[in-house]
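K.L.:
Those protein sequences? They're chains R and B, same order as listed.
Numbered as in this note's numbering, the first sequence ends at 113 without a single skipped number.
Numbered as in this note's numbering, the second sequence ends at 1118 without a single skipped number.
Hints listed in this document are in silico derivations from the structure and should not be mistaken for laboratory results.
Be aware that one or more of the hints could be misleading.
[Said to hold, decoys possible] For lysine-lysine, the following DSSO-like pairs were computed, each having C-alpha atoms within a straight-line distance of at most 27 angstroms:
#1 LYS1095/B x LYS41/R
#2 LYS9/R x LYS1110/B
#3 LYS1117/B x LYS1069/B
#4 LYS1113/B x LYS38/R
#5 LYS40/R x LYS1049/B
#6 LYS41/R x LYS1049/B
#7 LYS38/R x LYS1049/B
#8 LYS1113/B x LYS41/R
#9 LYS22/R x LYS1117/B
#10 LYS1117/B x LYS41/R
Chain by chain, the residues:
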Amino acid sequence: DTEVTQTPKHLVMGMTNKKSLKCEQHMGHRAMYWYKQKAKKPPELMFVYSYEKLSINESVPSRFSPECPNSSLLNLHLHALQPEDSALYLCASSQEGHHYGYTFGSGTRLTVV
Amino acid sequence: AQSVTQLGSHVSVSEGALVLLRCNYSSSVPPYLFWYVQYPNQGLQLLLKYTTGATLVKGINGFEAEFKKSETSFHLTKPSAHMSDAAEYFCAVIKRGNYGGSQGNLIFGKGTKLSVKP
Chain R
1 DTEVTQTPKH LVMGMTNKKS LKCEQHMGHR AMYWYKQKAK KPPELMFVYS YEKLSINESV
61 PSRFSPECPN SSLLNLHLHA LQPEDSALYL CASSQEGHHY GYTFGSGTRL TVV
Chain B
1001 AQSVTQLGSH VSVSEGALVL LRCNYSSSVP PYLFWYVQYP NQGLQLLLKY TTGATLVKGI
1061 NGFEAEFKKS ETSFHLTKPS AHMSDAAEYF CAVIKRGNYG GSQGNLIFGK GTKLSVKP
């Protein structure tokens, strides 16, 4: 299995809703990442988990709450989002070390109304 | 600090023509460089990477890139464009050394949209 699976593929939520994005990989990667990509922009890092512990938080607002229940799963909990949070949310994973590159999922297209 | 600059936000070529997408890097340490491709409404797929060793790197789908330290460049090429190559291409570098642990931060260039004309 060489894939990162993200669900759902599309999500529309109101500003008062609570929702979660899910990411799963079975490649034995011990680092997992959340990226946010706005239209016509490059992906920007949000969070990094290393061995199930949060190691990087790029000053992301608290309305985004990451969780790593185990080495294969990564969640992103969403609450009280704003319309400007609408974007493609990408999950990625990688092996230990800098030189392997990341494997990306196909993303969740989030629309906040 | 590590960063990459992609020259040209949009490149258009004819089918069968040479593809050349430009990327220059800035790094105070030997860089780890990557090219990713993104098709519409999709995630990112790794095309190729340079870490150490051979400076001419071959990737998937007939793409290759050459690491030139003297020019701080890592341009992506393909001898003959195909319609299916139309996509967004991102050059990226690992930003490392600023965080605990061995994971860094994959920093992307602004991207180059490749169009292929029939």
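K.L.:
All hints are to be evaluated individually against the structure, with a verdict given for each.
P.N.:
Checked hints:
Taken as a hint, the LYS1095/B and LYS41/R pair is honoured in the structure, with Cα atoms around 19 angstroms apart against an allowance of 27 angstroms. Of the pairs offered as hints, the one joining LYS9/R and LYS1110/B holds, with about 24 angstroms between alpha carbons and a cut-off of 27 angstroms not exceeded. A distance of roughly 33 angstroms separates the Cα atoms of LYS1117/B and LYS1069/B; the hinted pair therefore is violated under the 27 angstroms criterion. The hinted pair formed by LYS1113/B and LYS38/R meets the criterion: a straight-line CA distance of about 15 angstroms does not exceed 27 angstroms.
A threshold of 27 angstroms between alpha carbons decides the hint, and for LYS40/R with LYS1049/B the separation of about 23 angstroms falls inside it, so the pair holds. Between LYS41/R and LYS1049/B the alpha-carbon distance is near 21 angstroms, which keeps this suggested pair within the 27 angstroms criterion. Simply put, LYS38/R and LYS1049/B have alpha-carbon atoms about 25 angstroms apart, close enough for the 27 angstroms limit, and the pair holds. At most 27 angstroms may separate the alpha-carbon atoms for a hinted pair to count; LYS1113/B and LYS41/R meet this at roughly 11 angstroms.
The suggested pairing of LYS22/R with LYS1117/B is violated, with an alpha-carbon distance near 38 angstroms, which exceeds 27 angstroms. Proposed proximity of LYS1117/B and LYS41/R is supported: the alpha carbons are some 24 angstroms apart, at most 27 angstroms.
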